[in-house]
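K.L.:
Those sequence lines, one after another, are chains A and B. Numbers in this note's numbering are just positions in the first sequence, counted from 1, shifted up by 115. Numbers in this note's numbering are just positions in the second sequence, counted from 1, shifted up by 60.
Careful, some of the hints might be misleading.
To be verified - Reference excerpt, derived from the structure (chain B facing chain A, CB under 8 Å, subset only):
hint, residue
1, Arg132
2, Pro146
3, Ala148
4, Gly675
5, Ile677
6, Ser920
7, Leu1000
8, Met1042
What the hints assert, rightly or not - From the derived model, a few chain A residues whose C-beta atoms are all more than 12 Å from chain B:
hint, residue
9, Glu174
10, Lys224
11, Leu269
12, Lys287
13, His305
14, Ile317
15, Lys328
16, Val383
17, Glu398
18, Val446
Since the hints were made in silico from the structure, they are not lab data. Just so you know, even glycine gets a beta-carbon here, dropped at the ideal spot from N, CA and C.
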Amino acid sequence: MTNAYLHKSIKRLLLLSLSIAFSAGVACAQDGEALFNNNCKTCHSPFEKVVGPALKGVEGRHSEDWLLKWIHNAPAMIKSGDAEAVKLYNDNGKQQMTVFTNLKEGEIKAILTYLKDVKPPVTSVAAKTDGEEGQEEGSNAWIYLIVAAIVLYLISGVLRRTQETLAHAVRKRQGIPDPAPMGRWEGFVHWARNNKKLFAVILIVLFMFGSVKAWYGLLSIGVTQGYKPEQPIKYSHKLHAGDMKISCIYCHSGAERGKTAGVPSLNVCMNCHKFVKQGPTGEKTEIAKIYKALDYDPDKGTYGSNPKPIQWARVHNLPDLAYFNHSQHFVVGKIECQTCHGPVQDSMTVAYQYSKLTMGWCIDCHRRTPVQMTSNAYYNDYHKTLLAKYGSDSLLTVERIGGTECARCHY
Amino acid sequence: MNKTYWKGVEELQNDAKFVQLKNNEFAEHLPLDEIVQEKSADITVSPRRDFLKFLGFSVAAASLAACEAPIRKTIPYLNRPEQVTPGASNWYASSYHDGYDYCAVLVKTREGRPIKVEGNTSSSVTKGGTNARIQASVLSLYDNARLRTPIANGAPVSWENMDREIAMKLQSVASANGKIRILSSTIISPSTLKVIEEFGKKYPNTKHVVYDAVSCSAMKAANKESFGVDEIPSYNFDKAEVIAAFDCDFLINWISPIEYSRQYAETRKLDSGKKTMSKHVQFESALSLTGSNADERYHVKPSMQGAVLANLYNAIASKAGATTVNAGSVGELAKAISMLADDLWTNKGKSLVVCGINNTAVQNLVNGINSLLENYGTTIDLDNHCHLRQGNDADMALLMDEMSKGEVGALLISNCNPVYTSPMGKQFGDAIKKVTCSISFADRADETAAACQYICPDHHPLESWNDAEPKLGKYSLTQPTIAPLFSTRQFAESLLMWAGSGSNYHDFIAQHWNANVLKGKSWNEVLQEGIFEGEQGASKSYKSAANLTAAADAAGRMNVAGVEMTLYEKTGVGSGVQANNPWLQELPDPVSKITWDNYLSVAPKDARDNSWKQGNIVEVKANGVSMKMPVVVQPGQMPGTCSVAVGYGRKGAGKVADGVGVNAYPFMTMVDGQLMAAAGGVQISKTVEDDVLLATTQSHHTMMGRAIVKETTLDEFVKDPTAGNERDLISVKVGKEEKKMNAQELNLWNSFEDGNHHFGMSIDLNSCIGCGTCVVACTAENNVPVVGKEEVTRSREMHWIRIDRYFSSDADPKEHESGDIKAMEIPSDNPKVVFQPVMCQHCAHAPCETVCPVIATSHSSEGMNQMIYNRCVGTRYCANNCPYKVRRFNWFRYTDNPKFDFNMNNDLGKMVLNPDVVVRARGVMEKCSLCVQRLQEGKLVAKKQGRKVKDGEINTACAQACPTQAITFGDYKDKESKLNKMWEPNGRSYHLLEELDVQPNVFYQTKVRNVKAEAHHEMSEEKKG
C-alpha cells in the first residue's frame, strides 16, 4: 500500500519537474547540452571546427526544418542532391555525418536551443602547481625556525647576564675579587675541562652524527630519486591515467613488447587530441603544442609539412651498464607499473622519479618478489626442482632462480 | 699420432724476440704518459705530488659531476611506424651481392638501422652460412668514405643537374653513333640485366662488358669448348667422396665459397653413427686456407699444374680405356698422382676435380678428367649452372683496345675498379680520358671513379631494392633495411631514368617478377621469405668434346723457369671491394695470422738460403712491375715460389684502407687471353730499408707446447672412436703407490648447482675450416673495438674469439719428452695445419674467478662465466690466471679517440653498435660472454609465450655465422638438445687442457684426417730421408 503510494507520488513529482523543465528555457538548454555531449561532441564543438563545423549560430545558417532533416539523415539528403546539403558536404572535406534517426524532433530542437544559448567558456587563471605551494610551505617553516633560534639566543643571553650579575653580587658580598675575564676559547676550554664526561659524550654524538650524514650523503651521489625535470608540455599523468582512466599501456605500449616502455609518438596523442582540443579547465596552450609539433591545423584538420619532434626531458635514466627490460617485468613478472613508478594516476601532475633506481633497490625487490611460475610453462620442470629444494611452502623469489646474478643485467 | 705443434716459425726456431714476447705477454709499461698527457720526463720529477693532485681533483670533479643529474632528452617519433617498437629488433630477409660475394641474408635492425647480418636458412644455396665479408658488410654501410652527393667533374651537384647533363651527353654520343659501353662486375640480378637491356633499346650502340677482378672466364671458355655450354657449373661438394683441388681456394674465395664450404663440411661430419668422410687432396704452391684443410697436400708450382693435370688425366684415361695425351714429367709427384687417380677412379661419379687456374687449356683438361670420372650429372651440374663470376677477359681486353683508340663515346662503370684491379690499370686510367662521357657508379671516389667525369654514387646493398639469381632458378630478393643515408641512387634506377622509362626500380623488379618469376605466387610472401626457388631441371651427364691433346700441349707449354708467384685473396679483405672496412682489416689472415697488411710469403728454405728474415723489406720484380714489401716466412709455401695477397694498397678507398699494404694486382699475367693470378720469373732482392714489424696475432697466447689439438686418422677413428682422444692422467702418490688418476677425481672444488639452463658449446675441429667468420660476427654482435695495426703488434687486439692455427710435424715422441723444442725441429716445408677457435671456455671452476679482488668475474647458475665491467678495476689478475688466454684488456678508450680513428670515432660508424651490449670503458677487462644478451632475449621470448626454450632457438653470434656449422650452441639441461648428443666423452669430445680440471662448458671434437695411417707414416719417413 505504502509502496504504491510512493510510486505514485514519485511519478507525480517527475511529471511536475518535467513540466517545470520544459516550461523553462534554461532547463531545456541543459537537457540539450547532455544530448549534445552524448551525440555530437565527438565530431562537433560549438565554437570551433573539429571534424564537422563549429555549430554556434547554426540556426542562422540553415532553416530549422532543413536542420531537422539533415540531422536525422544527412547521407540521404546528400544522395537526394539537396544543393545546401551537397555544399556542406563538400565544404567539410567530404566527411559524411552520422545518421541520427534515433533522435526525436524534440531532442534535436533541444540541442539547437542549447547551441543558441551556449556561451564560450572563460579561460581560468592557471592554478598554482604543487611544487610552488610546497616551496612556500618550506619557506614558512624556515622563518619559524629562525624566529625560534633568535628567541632562544636572546633568552640564553639574558640568562647568562643574570647569572653573571648574581655571581658578581655574591663575590662582592664575600669580598672576592672578580676573576679576570676569559676569552671565548679559554672559556670553552675551561668549561670542557670542568665537564670532561659531558664534553666526551657531545663529541662522540657529533662524530657519529657526522659520520652517518657523510655516509648517506655519499650514498646519495648519483641517486636522483624525486627528479622532476621541467617538461616542454605540462602533461599531467594524473589527469590522463587517473581522471580519464586511460591505461598506461595505451601510450607506453613498448612496456608489453620490449626493453623500453617508450614515450608515445605524437600520433598516439592525436588519437584523442584530434577531438579533445582543450583541457578540463578550458586550457588550450598545452594541447596546441602538440599541434605545433605536428604542424597540424586544428581548424582545417590538415597536417603541414614542417613537423618538429617534441624534446621531452627524460625522467628515468638508467646507466648504460645496466640492462633493464620492461616486458620482462610487466608481462612475465606481472609487476604493476606503480610498483616502480609510484602513484602516477593519483598525484603525478608532473612526472618524477618515484623510486631510487639504485642497484640496491633492484636487488631488494628481487629478493622479496616471488616469480610467477605456476602460470608459465617456461618454468614447468624447474618449478618442481625448486620446490623440492626449498620446500613446497617457501617463497620462490627472483633471487632463487639466479635473478641477482651479475650478468642478468650487466652485459 | 704424436705430433708437435708450433704457432709460427719464431716458436720453432726459438727466436730470442719470440721467447721474450712469450714470457712477457703484457710487455708494455702502464701508459701513464698517455693518461696524464704530459711528457714522461715531467712525470719522473714529481710523480707523487702530481698523483695526489690528480687524485684530489678527480675525486672532487667526480663528486661534483655526480651531484647534478644532466638533463637527457628523449625524443619520440612524430608518427611511429607501425612495425617499429623502440628497443625491439626487426628482421628483414634480403640478399647481399657486391660483385664478388653472394649471400642470402637476414638483416637485424634496431630503431630503423641495420646492426647485424645473418645467413638466411631458407636459401638452398648458402643455407644460412655467411663469411667474414658478409658479416662485415653492415659496417661498410656506415663507411665515412662514401660519397654524400653525386659528383660532376670534381664538384658536388644535384641529381637533377646530373641527369640533365648526362642525358645531353648520352644523346650527343648516340647521335654521333658513338659506342656506349657498360662495364660492370658480375651482375646476378635478372632485373638489372633487364634494365641494361632496356637501356640498350634506347641507345642501340650499347654493349655490356662484364669484368671480374679475379676472373674465372677460362672456365666458361673451356666449358664451351668441351661441352658447348658457355656457363660456370654448379658444384655439389656434398656428393663428392674424393675431392682433388688444384690451386683452388674453394672454401673461402672461389666462385661461391659459402655454398661450397657448407657442402664440404657436410661430407666431413663424423659421429658415433656416421664414420665416413670425404678425402680432400690439394695441389698448390702457396698455403691456402683450403690447402690447410686438405687431408693430403702436395707442392706444385703454378706453371707445373698443367703437367700434373695431364698426368692425372692419363692415369685415369688408362683405366677408362681412353686415349692418353702428352704429359711432361712431374718427378716425385708421380706417386701421389697415381694414388689420387686410384681413389678418384674407385669413386667414379662421386668424385670432384676442381681447379682455380684461369687458363682454358688447363680447364679443358680438368673437364676431361671430370668427364672420364662421370662426375657430370652428380657432383657437377652444368644444367642448373651458377651465375657468379661471369667476367669475360676477352671482352675487357677488347674494351681497352676500343677505349685507347678513342672509339668509346660513353663508358658507364658500375661496381668495378679496373684502374686498381687490372694489371693494365694505368693504361685503363689513361684510356678513360679519351672517352667523351665517363660515368662511375662507385660509392666512393675510388681509383677508377676519380678518373671519371661523373660519379653517380650507388646505394649500399642494404639500402637497395634488388633481386638475385645466383644459380639458375634460385632467386632471392634484396630489400632496403634503411632509407638511403646519403643522396645516392641505385645503378639500375639511374639507367632506368636515362633510358627514359617512367617506372622506378622497385616497380620494375615487381613487374619483372610477377611476369617472369613468381608464377602466381604472392610477391609479399616471397619478399618476407627473401627466397624463391622453383623446381630444378635434371642434371645431365656430359662428355668432353674438347681437343685434349692440344689442351695438354698448351698446358705443358705454361711451364716457366725461375721463381713463381701466386696471387690470392684473403678471407678478410678479399678482392678489395670492402677494403675500407676496419673489421676486415683487423681480421687475422687464417694461415699467416697477420693483420693490416699484405706481404710476400716465402718458403722457410728460401728464407734460409737467401737469409731473409720476417719483416725484411724486399723488392719484388715481375711482369715489368717492381714493388717493395715485407717478407713473411711461411711454412707450407713451396720452395721456389712466393705469394702475395691482392686487395691491398688502395688509393681512394678511404682512411682505413689507403696506404695499407701494396697493390699486387699488377703482377697478374695475361696468358692465352686470360688473366692468370700468377707470375713467373720473379726476382726478389733484399733492400737496405729498415725491417717492419708485422701486426701478427700468432706469436703470443702460446699454449707452451702442450698438445691441445687432438687429432687422429679416419682408419684409427673407425677402429676406436676415442682414437687421438686419450685422457691426460695425472700421477698422484696414494700412500706409497704412484697412481695415474683422472683430473676430475682429484677435484678440490664444490660443484655448481644448475639453474633452469646450463648453456654450453661444442666445436667440431673436423668441420672448422678456420675462415674467421665467427671472429667478425662476434665483433659485430659484441661491439668489439678495432685497435689498429700498432696495438696488434703489442698483442692488444680485442677479439673475443680467436682462431689458433697450429702447424704440425712428425717429430719423434721421445724427442718431445726430452722437452727441447729445438730437438723437434724437422723440415717444416709442408706441414699439416689445424685450426682451433678459442673463446672463453666458461669454466665451471674458473681460475679467473678466484683471483679477482673485486669479484668482477663470477659464475652464473646457467653455466656462464660472467664479466662485470662496471665492477672491474683492471688488475688483470684474471687474464694472467686464465689458461686459455681469452681475456682482453681495454688499454685505451677506443671510442671518440682520434688515436683509434676507426668506426667508433665517428657518429656514422657508431650506428653499427649493438644497443644491447655495453661499450666497454678504458681500464676494464672483457671477454666472450657467450652472447648473454642473446640468451636473455631468447629466454624472455619463451617466457612471454609461456613455453620452454626450443633447442636451436637461441644461438651465439659465432655459431650462427659459421658457414660449416662447426660451432653448436645448446643447453645441457635439455636432454634432447643437439649439444647433449654431441657430448661423447668416449668418442671425439674433449675439453681443452683437461688435466687442469677447470671443467669448461665448451668442448671440442677431435680432428680426423682421411689418410691411411701407413701411407701417412711412409710419407713422413720419406721426407726425413
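K.L.:
Each hint needs a verdict: does it hold in this structure or not?
P.N.:
Results of checking the hints against the structure:
| no. | hint | result |
| --- | --- | --- |
| 1 | Arg132 | holds, 4 Å |
| 2 | Pro146 | holds, 5 Å |
| 3 | Ala148 | holds, 4 Å |
| 4 | Gly675 | violated, 40 Å |
| 5 | Ile677 | violated, 45 Å |
| 6 | Ser920 | holds, 5 Å |
| 7 | Leu1000 | holds, 6 Å |
| 8 | Met1042 | violated, 22 Å |
| 9 | Glu174 | holds, 39 Å |
| 10 | Lys224 | holds, 42 Å |
| 11 | Leu269 | holds, 37 Å |
| 12 | Lys287 | holds, 58 Å |
| 13 | His305 | holds, 38 Å |
| 14 | Ile317 | holds, 29 Å |
| 15 | Lys328 | holds, 15 Å |
| 16 | Val383 | violated, 8 Å |
| 17 | Glu398 | holds, 23 Å |
| 18 | Val446 | violated, 5 Å |
Hint compliance for this structure: hints 4, 5, 8, 16 and 18 are not met, and every other hint is.
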